[in-house]
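Sequence order for the protein chains is E and D. Residue 225 in our numbering sits at position 31 of the first sequence, and the numbers go up by one each step. Residue 1341 in our numbering sits at position 77 of the second sequence, and the numbers go up by one each step.
Just so you know, not all the hints are guaranteed correct.
Stated by the list, open to error - Calculated lysine-lysine pairs in the DSBU-like style (CA-CA distance at most 30 angstroms, straight line):
| hint | chain 1 | residue 1 | chain 2 | residue 2 |
| --- | --- | --- | --- | --- |
| 1 | E | K242 | D | K1333 |
| 2 | E | K203 | E | K260 |
| 3 | D | K1388 | E | K242 |
| 4 | D | K1376 | D | K1399 |
| 5 | E | K223 | D | K1275 |
| 6 | E | K203 | E | K242 |
| 7 | E | K242 | D | K1376 |
| 8 | E | K223 | E | K303 |
| 9 | E | K260 | D | K1389 |
| 10 | D | K1290 | E | K223 |
| 11 | E | K303 | E | K269 |
| 12 | E | K260 | D | K1268 |
| 13 | E | K260 | E | K303 |
| 14 | D | K1376 | D | K1275 |
| 15 | D | K1389 | E | K242 |
| 16 | D | K1389 | D | K1268 |
| 17 | D | K1333 | D | K1389 |
| 18 | E | K269 | E | K242 |
| 19 | D | K1275 | D | K1389 |
Said to hold, decoys possible - Every beta carbon over 10 angstroms from chain E, so not counted as near; a handful from chain D, in silico:
| hint | residue |
| --- | --- |
| 20 | K1268 |
| 21 | F1270 |
| 22 | K1275 |
| 23 | R1286 |
| 24 | P1295 |
| 25 | E1307 |
| 26 | D1314 |
| 27 | D1321 |
| 28 | E1326 |
| 29 | D1345 |
| 30 | P1349 |
| 31 | D1350 |
| 32 | G1370 |
| 33 | K1376 |
| 34 | F1383 |
| 35 | T1392 |
Claimed, not checked - Here chain D is said to cover these stretches of chain E; the calculated rule only asks that three of the stretch's residues, wherever they fall, bring their Cβ under 8 angstroms from a Cβ of chain D:
| hint | region |
| --- | --- |
| 36 | 207–216 |
| 37 | 221–228 |
Everything labelled a hint here was simulated from the structure, so no lab data went into it. Using N, Cα and C, we set each Cβ at its ideal position, and we do this for glycine too.
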Amino acid sequence: MEFIITELKNCDLMEISGRVDSYTSPQIKEALGAIMAEGRCKIILDLKSVTYLSSSGMLTFINALKQCQLSEQGKIILAQVPPRILTSLELAGFNQLFDIYDDAAMAVKGFEVDP
Amino acid sequence: MTAKTFPANFKSLAAISDFIVRASEKAGFSPNEVYAIQTAVDEAVSNIIDHAYGGEDLGDIEIQVTNIKNGIQIILRDDGDPFDPDIVPNPDISSPLEVRRERGLGVFFMRKLMDQVIFDFSNKKGNTLTLIKFKGA
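Please build the complete structure, drawing on both the sequences and the hints.
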């Protein structure tokens, strides 16, 4: 699993690739924690290149979402979710808790118009 | 039948997934079914490490894969404490974020994605978890 974090004008974009499981999700938790500790709570998780997402990965995203929503206008958006991973998210009911965009650029624009 | 033994740690998850994906593809499952089987086994292994062993590197997990009529049977064995997925309640997947409980999601996925989930424990054999999935079910 690898990720790249890009700090944009209105939000942070985290592009994740590879397997997100019980072994790798703590690295994502730590990175998201570091972003939020700086008061940056508008985050896009681009899952385009994620090959597998376990429940521990989903819970990492959920816990980050809970923390983000404590801050005003804080939000975590999922973008470019591969179909099989979307099916897993739907099975767990997590698709109702996140804004999900087909396109990362549209997600970035979403933060621009939603101050 | 093919069998492999892995150290019970989270680092093993990727190798276990490779093993399960190859076996499921060879058995003729569709890509979506292969992903479902991979998820169920990944969740089962994570639960064994977390709940049966109570931590990483405290034992091994033996995984046995057998092709059965129109499906696959995967047996996971460990020597940890008894961990019966049947006693884990399903999470409320419609609850709002604020009250969302974290426990039970792995077992929920196993039940949803496989056709049969059978748990057995004996002092001699330890925990035995049998997962069965049929093609196109």
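Does K1376 (chain D) sit more than 10 angstroms from chain E, CB to CB? violated (6 angstroms)
Non-interface claim for D1350 (chain D): all C-beta distances to chain E beyond 10 angstroms? Fine: 18 angstroms to the nearest Cβ keeps D1350 (chain D) off the interface.
Over 10 angstroms from every CB of chain E: does F1383 (chain D) meet that, or does the non-interface label fail? holds (18 angstroms)
The output says D1321 (chain D) does not contact chain E. Does that hold with a beta carbon cutoff of 10 angstroms? Non-interface label stands for D1321 (chain D): nearest chain E Cβ at 13 angstroms, farther than 10 angstroms.
Is it the case that G1370 (chain D) keeps its Cβ farther than 10 angstroms from each residue Cβ in chain E? violated (5 angstroms)
Take a quick look at whether K203 (chain E) and K242 (chain E) sit within 30 angstroms of each other, Cα to Cα. holds (22 angstroms)
So T1392 (chain D) supposedly isn't at the interface. Is its beta-carbon more than 10 angstroms from every beta-carbon in chain E? With a cut-off of 10 angstroms, T1392 (chain D) remains clear of chain E, as the shortest Cβ separation is near 21 angstroms.
Confirm or reject: K1268 (chain D) is not an interface residue toward chain E, with every Cβ-Cβ distance exceeding 10 angstroms. holds (18 angstroms)
Next pair to validate is K1333 (chain D) with K1389 (chain D); report whether the Cα-Cα distance is within 30 angstroms. With a Cα-Cα distance of about 26 angstroms, the restraint between K1333 (chain D) and K1389 (chain D) holds, given a limit of 30 angstroms.
Does the alpha-carbon distance linking K303 (chain E) and K269 (chain E) stay inside the 30 angstroms limit? holds (14 angstroms)
K1275 (chain D) and K1389 (chain D) were given as a pair; does the straight-line alpha-carbon distance stay at or below 30 angstroms? holds (24 angstroms)
Within 30 angstroms, alpha carbon to alpha carbon, are K1389 (chain D) and K1268 (chain D)? holds (16 angstroms)
In the structure shown, a violation is registered for the earlier hints numbered 1, 3, 9, 10, 12, 15, 22, 24, 25, 26, 32, 33, 37, in ascending order.
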